[in-house]
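Novice: Sequence:
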Amino acid sequence: MKKQIEKFHVEFLSDSSKVDINFYPSLTQCLNFELKKLEEHLDDLYMCIANGLYISRNWSPNVKHIGHDMWWPFSATWLWKFRPIVYYSTDLAASTLTWVRFLSELFSAQPTSLSLTFNCFNTEEIDRIMDCHCLVTSFEIDSDSNQEVDQKLALSILERQNATKELKISLKPTNETFQFDLNSLRNIPEFLEIGYSFWVKWEQVLDLRSNANYILRSNFSNVHFKDLIEKWKDGWTPKWNRIMIEANEILDIDSWINDPVINIGQEDLGNIRSLITENQIMHAYKFQFKVRFPYGAIIKNGYHITRQDKSIATVTVENNKIGWFILQSAEPDDVFMVYSHLRTYQCNDPPGVPSVSYYPARETPLM
0 MKKQIEKFHV
10 EFLSDSSKVD
20 INFYPSLTQC
30 LNFELKKLEE
40 HLDDLYMCIA
50 NGLYISRNWS
60 PNVKHIGHDM
70 WWPFSATWLW
80 KFRPIVYYST
90 DLAASTLTWV
100 RFLSELFSAQ
110 PTSLSLTFNC
120 FNTEEIDRIM
130 DCHCLVTSFE
140 IDSDSNQEVD
150 QKLALSILER
160 QNATKELKIS
170 LKPTNETFQF
180 DLNSLRNIPE
190 FLEIGYSFWV
200 KWEQVLDLRS
210 NANYILRSNF
220 SNVHFKDLIE
230 KWKDGWTPKW
240 NRIMIEANEI
250 LDIDSWINDP
260 VINIGQEDLG
270 NIRSLITENQ
280 IMHAYKFQFK
290 VRFPYGAIIK
300 NGYHITRQDK
310 SIATVTVENN
320 KIGWFILQSA
330 EPDDVFMVYS
340 HLRTYQCNDP
350 PGVPSVSYYP
360 ARETPLM
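For what it's worth, numbering that gives the first Met the number 0 labels the leading residue of the sequence shown as 0, then goes sequentially.
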């Protein structure tokens, strides 16, 4: 069974926990367990299945027929999602760890990702959680907005986690003096997302080392995007491949560009590399591109920009405040790529849009 597990996600929330197990797409089912507190006066209606864990004697999981990945254009793959509820009688952290161990033995697999609302647990509970899940490749630290954020404890968690694939720093610091050296992490995750980035300095952004970075709810503005372009045009190359920044003002992408502008139609997007390489004079190539997702269409206004060494980058803006800077591949046969993030839908808080996704960003060929 081990080879069939695609995702084994554990989520510690303020008053409940969730455990998601997804199998490879060839298997059209996934499991979504939720742990809730057992009401003592109703305990005769439940059956004990493990130490301190119970299910209803009339147990029947909630079943939903959903898209395998709603965050993917034109996807037509569907699966059955089973959502059984497991009840705990002791404390949430210990009960969740017991249930995860049971599932790990059953499926011969260890958790691959962990999400922790850390300020809902005491130090001892957090130590147990971190010790049991120190090998997860994806990690999210979050905080309950109704409680104070212990800066020292939050930093100790960030320093202990070992994520190599994805790190999401979703906590909202309540102290304006909150600081963290992002380069002090044990590993460099491939994807880095900072949900409330008002504490991040511009120098830290320039020095990021993850391949893909998503900086949400920032204090950055048009001035910073213009600085990013000017630095790159002067020969600086970041250690990252792409970055998305949610600005604190409406972005005016035209104000970032100093080179002569050539407008590109939709029909020329697939041939843009040859248009750029054939042109001996540096230009900025302006375009508009629409990509459709089940949540709705995203309209990207952007420019392809070049510099003396023939490197090509792409800058785009969507939904007024979401800006991207993307380094394009130098391989002559590679198509240009643009990317999208669920935050594009969420920053205006429209109804019906999910606040959490295990796949927050997607790439799309520009053609």
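Derived by calculation from the structure, the hints in this document are not laboratory data. Accuracy of the hints is not assured; some may be wrong.
[Unchecked claim] Cut-off 25 Å, straight-line C-alpha distance, at most; resulting in silico cross-link-like pairs (BS3-like, lysine-lysine):
no.	residue 1	residue 2
1	K225	K320
2	K289	K238
3	K238	K320
4	K232	K285
5	K164	K230
6	K171	K200
7	K36	K17
8	K238	K164
9	K309	K230
10	K35	K6
11	K17	K80
12	K151	K171
13	K230	K200
14	K200	K80
15	K200	K164
16	K232	K309
17	K320	K171
18	K230	K171
19	K289	K225
20	K289	K230
21	K225	K238
Novice: Out of the numbered hints, which ones does the structure contradict?
Specialist: 2, 5, 14, 18 and 20
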